[in-house]
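Given chain A, put chain B in place with the hints provided.
Residue-level listing of the chains:
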Amino acid sequence: MSANFTVPLLLRGQIIDEATVEFGGRRGAVSFRAPDLSRHLNELTLSTPSRMADLYAISLDEIFDFLAALGKRLHPADNPHLQQAFELSRLTSGLSDSILRHHYDAIPSFFERDIVRDLAERLIGIDYLEGWVEQPATLLPETRLSIRAVGARAVHIIAGNVPVVGVTTVIRNAVTRSDAIIKTPSNDPLTTAAVVRTMIDMAPDHPITRHVSVAYWKGGDQQIEAHLYDPGRIEKIIAWGGFAGIKHLTQYLQPGLDLITLDPKHSATIIGLEAFADDATLDSIAKRLALDVGVLNQEGCVNARVVYVQSGTDAAGLERANALGKRLFAALQSLPDHLSTPHKAFDPELKAELDALAFVEDEFRLYGGRTNEGAVIVSQSDSSVDFARMLACRVANIVPIDDIETAVRSVNSYTQTIGIFPESLKLALRDRLAFQGAQRLVSLGGAATLMRTPQPQDGIEPLRRSVKWITDETADGDYLASMAVS
Amino acid sequence: MSDLVENLKRDPVSFVDAHYNEGFALRREERDAIGLAGLQKRFAELRPALPALAKLAADQGIDAIRTIDDAAPLLFPHTAYKSYPLSFLERGQFDKLTRWLGGLTTIDLKGIDTTGIQTIDEWIALLEARTDINLIHTFGTTGKLSFLPRTKTQGWQTTTINAHCIRDFAGYNSGPDVLTHHMPLISPSYRHGASAIIRGMNRMAVDYAGGYENALFLYPDAYFSADVVSLAGRLRAAEARGEAGQLTLPPALLARRDEFAAREQGRAVDMDRFFAAAAERFSGQDVFLFAVWPILFEWAEEGLKRGLKGIFGPNSILTTGGGSKGKVLPPNYKDVIFEFLGFDRHFEFFGMSELMANAPRCAEGHFHFPPVIVPYVLDPATGQPLPRSGSQTGRLALMDLMPATYWGGLVSGDEVTMAGFDEPCACGRTGPYLEADIRRFSEAPGGDDKINCAGAPEAHDRAIDFLVGSTQ
Numbered sequence: 113m114s115a116n117f118t119v120p121l122l123l124r125g126q127i128i129d130e131a132t133v134e135f136g137g138r139r140g141a142v143s144f145r146a147p148d149l150s151r152h153l154n155e156l157t158l159s160t161p162s163r164m165a166d167l168y169a170i171s172l173d174e175i176f177d178f179l180a181a182l183g184k185r186l187h188p189a190d191n192p193h194l195q196q197a198f199e200l201s202r203l204t205s206g207l208s209d210s211i212l213r214h215h216y217d218a219i220p221s222f223f224e225r226d227i228v229r230d231l232a233e234r235l236i237g238i239d240y241l242e243g244w245v246e247q248p249a250t251l252l253p254e255t256r257l258s259i260r261a262v263g264a265r266a267v268h269i270i271a272g273n274v275p276v277v278g279v280t281t282v283i284r285n286a287v288t289r290s291d292a293i294i295k296t297p298s299n300d301p302l303t304t305a306a307v308v309r310t311m312i313d314m315a316p317d318h319p320i321t322r323h324v325s326v327a328y329w330k331g332g333d334q335q336i337e338a339h340l341y342d343p344g345r346i347e348k349i350i351a352w353g354g355f356a357g358i359k360h361l362t363q364y365l366q367p368g369l370d371l372i373t374l375d376p377k378h379s380a381t382i383i384g385l386e387a388f389a390d391d392a393t394l395d396s397i398a399k400r401l402a403l404d405v406g407v408l409n410q411e412g413c414v415n416a417r418v419v420y421v422q423s424g425t426d427a428a429g430l431e432r433a434n435a436l437g438k439r440l441f442a443a444l445q446s447l448p449d450h451l452s453t454p455h456k457a458f459d460p461e462l463k464a465e466l467d468a469l470a471f472v473e474d475e476f477r478l479y480g481g482r483t484n485e486g487a488v489i490v491s492q493s494d495s496s497v498d499f500a501r502m503l504a505c506r507v508a509n510i511v512p513i514d515d516i517e518t519a520v521r522s523v524n525s526y527t528q529t530i531g532i533f534p535e536s537l538k539l540a541l542r543d544r545l546a547f548q549g550a551q552r553l554v555s556l557g558g559a560a561t562l563m564r565t566p567q568p569q570d571g572i573e574p575l576r577r578s579v580k581w582i583t584d585e586t587a588d589g590d591y592l593a594s595m596a597v598s
Numbered sequence: 004m005s006d007l008v009e010n011l012k013r014d015p016v017s018f019v020d021a022h023y024n025e026g027f028a029l030r031r032e033e034r035d036a037i038g039l040a041g042l043q044k045r046f047a048e049l050r051p052a053l054p055a056l057a058k059l060a061a062d063q064g065i066d067a068i069r070t071i072d073d074a075a076p077l078l079f080p081h082t083a084y085k086s087y088p089l090s091f092l093e094r095g096q097f098d099k100l101t102r103w104l105g106g107l108t109t110i111d112l113k114g115i116d117t118t119g120i121q122t123i124d125e126w127i128a129l130l131e132a133r134t135d136i137n138l139i140h141t142f143g144t145t146g147k148l149s150f151l152p153r154t155k156t157q158g159w160q161t162t163t164i165n166a167h168c169i170r171d172f173a174g175y176n177s178g179p180d181v182l183t184h185h186m187p188l189i190s191p192s193y194r195h196g197a198s199a200i201i202r203g204m205n206r207m208a209v210d211y212a213g214g215y216e217n218a219l220f221l222y223p224d225a226y227f228s229a230d231v232v233s234l235a236g237r238l239r240a241a242e243a244r245g246e247a248g249q250l251t252l253p254p255a256l257l258a259r260r261d262e263f264a265a266r267e268q269g270r271a272v273d274m275d276r277f278f279a280a281a282a283e284r285f286s287g288q289d290v291f292l293f294a295v296w297p298i299l300f301e302w303a304e305e306g307l308k309r310g311l312k313g314i315f316g317p318n319s320i321l322t323t324g325g326g327s328k329g330k331v332l333p334p335n336y337k338d339v340i341f342e343f344l345g346f347d348r349h350f351e352f353f354g355m356s357e358l359m360a361n362a363p364r365c366a367e368g369h370f371h372f373p374p375v376i377v378p379y380v381l382d383p384a385t386g387q388p389l390p391r392s393g394s395q396t397g398r399l400a401l402m403d404l405m406p407a408t409y410w411g412g413l414v415s416g417d418e419v420t421m422a423g424f425d426e427p428c429a430c431g432r433t434g435p436y437l438e439a440d441i442r443r444f445s446e447a448p449g450g451d452d453k454i455n456c457a458g459a460p461e462a463h464d465r466a467i468d469f470l471v472g473s474t475q
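Residue numbers (the working numbering), protein chains in the order written: chain A, 113 to 598; chain B, 4 to 475.
Looking at chain A on its own, in the form it has when it is part of the complex:
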């Protein structure tokens, strides 16, 4: 496909769309053009951190107002930038049009004043963002301590599997009064740019606009990255993404540069024997499990892939697991279009693995998987499939187990979300799952549908880490001077 799409460089309120470099997009077919970033490197970084002072001339309330006004301009129906981003995403994203549309339509809601205020309050604390917060009296009555959260200069390497990642990056940067250089991914190079371009249309000289840039470069470009990842120019790198990409970044790390990683993760499910109490319960469990597997077409790290079910592994146990598998497949097929559809680019390597299950029918039972409709593989022993890491495109693996311990042992620091049924099992396991490495526990069905309340992510507090925590200690002068004499 020819490069019909231009990905502009948005540079501190300026639009540079003289696109001279062609890049290939993901999934083979799409390519796009972008400006040659190497010619703009000096403008991209902030020459001195004191140039962030303008962000402190405005109040947090003004920032909330600014974002709310921006949100009103981000309805896809009348925003040409988002319309263009949507058209490109249709080609680059793993999400079907109906799901993408749903996510684009939701973009304005992220900017609503109450939503942004709640996020700022929960993820940092508005008083810390707005000023110096005096701490409770210490054990030394002669001293006082105040703390403030101050913005930092950061490069954000964002993921492109869901459009919301770029949207929230823009919002988080604004409320923390930080300076962001956002590197967009090739599987969604335009959505973030569309948001920031709308910001430029609205108020090109506003401090918030002057402190956010959006650029595309090919990850690993030495010339660009060696310039950027320098503690004289930035303080933080916030990186989403694959192991190889993050491993690559580590070569630039040195004192003064803080790397915050949101690593690639996989998520799982643990279902207790109670699921099989009666027909109605099993039906409800299948529907809730279908949400964890199928929402976002399983493109998210939150999605369930391997499902441990305490059905037992004897003949009756396998029958129970198979019954759940059959219902799960049916429930996946019934999910509403704005949440999940047959995958538009079903992974051919995964398809080859599904096809090969016909050669081990004693070991695995397959529901679906004929074309792109998704599939449920029910192991006929307590082992997951060897290609568990490849599970995607609405393909789940139900693994029957006798003892819930088998599921607990499978959890490690690459496990993000675990959907659990029943609640009593969640309560019983949650400490141990946390020790094992799990980072988010949810009621079955909530893996991809909850997360409405701002909260820690991947076991860390990325927003609190993205700012600088500055302390101010005051002490009585006579008290200090007294220490100089014996």
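Hints were generated in silico from the structure; no laboratory data involved.
Here the structure is a predicted model, which means the values were calculated and not measured.
Careful, some of the hints might be misleading.
[As the list claims (entries may be wrong)] Okay, the calculated beta carbon distance ranges per label pair:
| id | chain 1 | residue 1 | chain 2 | residue 2 | range |
| --- | --- | --- | --- | --- | --- |
| 1 | A | Gln363 | B | Gly114 | 51 to 59 Å |
| 2 | A | Gly332 | B | Ile110 | 47 to 55 Å |
| 3 | B | Ile110 | A | Glu134 | 51 to 59 Å |
[To be verified] Here are the computed lysine to aspartate or glutamate pairs in the EDC-like style, where the Cα-Cα straight-line distance is at most 16 Å:
| id | chain 1 | residue 1 | chain 2 | residue 2 |
| --- | --- | --- | --- | --- |
| 4 | A | Lys456 | A | Glu485 |
| 5 | A | Lys463 | B | Asp417 |
| 6 | B | Lys308 | B | Glu342 |
| 7 | B | Lys155 | B | Asp171 |
| 8 | B | Lys58 | A | Asp474 |
| 9 | B | Lys58 | A | Glu473 |
| 10 | A | Lys463 | B | Asp382 |
| 11 | A | Lys456 | A | Asp209 |
| 12 | B | Lys113 | B | Asp135 |
| 13 | B | Lys155 | B | Glu131 |
| 14 | B | Lys99 | A | Glu473 |
| 15 | B | Lys312 | B | Glu283 |
| 16 | A | Lys438 | A | Glu485 |
| 17 | B | Lys12 | B | Asp35 |
| 18 | B | Lys99 | A | Asp474 |
| 19 | B | Lys308 | B | Glu262 |
| 20 | B | Lys99 | B | Glu125 |
| 21 | B | Lys99 | A | Glu475 |
| 22 | B | Lys155 | B | Asp111 |
| 23 | B | Lys113 | B | Glu93 |
| 24 | B | Lys12 | B | Glu48 |
Glycine included, C-beta positions come from ideal geometry on N, C-alpha and C.
What follows is chain B alone, placed relative to chain A:
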């Protein structure tokens, strides 16, 4: 010519006795008739014997093959010969593994007692001792090796066809017949093992060189372990995910750590001995050499470093293949290799472990399939066969008509461009051929994280380092 057509229609295995070049002079309808007759014959013979094939046919609603395209849905996925669960190996369930393999071959494996078998190497040796199967394993990209139930006879047929290709490629008897005029065999690799290459080299040592005393192996005593290859693949996959620390090693493999460590220490000595023997025993002689380009380059660099060059006779033969995938070779790598070797006569093949007859490369740079291979190009999205005309780009699938004991139909992981259905190649050969640009579908554009047979020995070494260094 009509003999060849009738013979191949009756029995594809008769290609072992054919004049190889005649296979590239067939008219379109002759080649298609051979392909269709072979597909029908193999389907009729193997469907009742192989449950997986019967099921695939039933699922696809195929009861008879009337056209070549009819058979496309019956080609196995490339994952078929590695469809066993890894848990069989991890839990030492070699009885289950044997039963699984038994479903893929007409050779009866029911009576095989796997009691006491703990490693893949032992299992392969057991099959070899008790049955007609000389199992071939692949290199595995994720630690899962494909296991191909090739028989001993089929191993011999494979190297015989290869020899006939060398003899007849430029016309009947245009080249040396190594089956009757033996040449010393040089292999810069392992003597023992069950990869397709090592199996082939051992066969060639007997058939081409006239015996092991006329053959030189880089590692004459070492065994290229399937267990280590499997570990190498799993290690590489785990490293790519940052999870190498979590890999658990099978106890049977850990028990062999000392053996591997000793071999590692002997590596440099082996190389010195190999060069010394090559120079002393075969200097100036015409030899037969078989190795992939990256291995040859490494060897040539080592040799040139030792001041050796032009070591073999001018009428030596090199057979090679595997491209330079996975390794970055300098642009003049062939010059370096030929300077060291002292000759430049070479035959290059597109092949895979799963094929008994490979596709030789012509002067135009095209890889030509002999008539016992029925090649397909499939639409990558739908898996449907693309028209057998003009030039087609898509997923390569192949039906190897040679094996009568297992199903030779396989969908590959390669993206290729194929032509030659209706127009001969500029080299004059008829029949479908591949253009030079072949890449793996699973290769990320711009990235290369695959093990193929060119990269495998390196991975093998790294796995041994891991194993030896492991303190578990």
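(request) Compare the structure with the hints numbered earlier in the document and write down the numbers of the violated ones, lowest to highest. (result) Hints 7, 19, 23 are the ones this structure does not satisfy, whereas the remaining hints hold.
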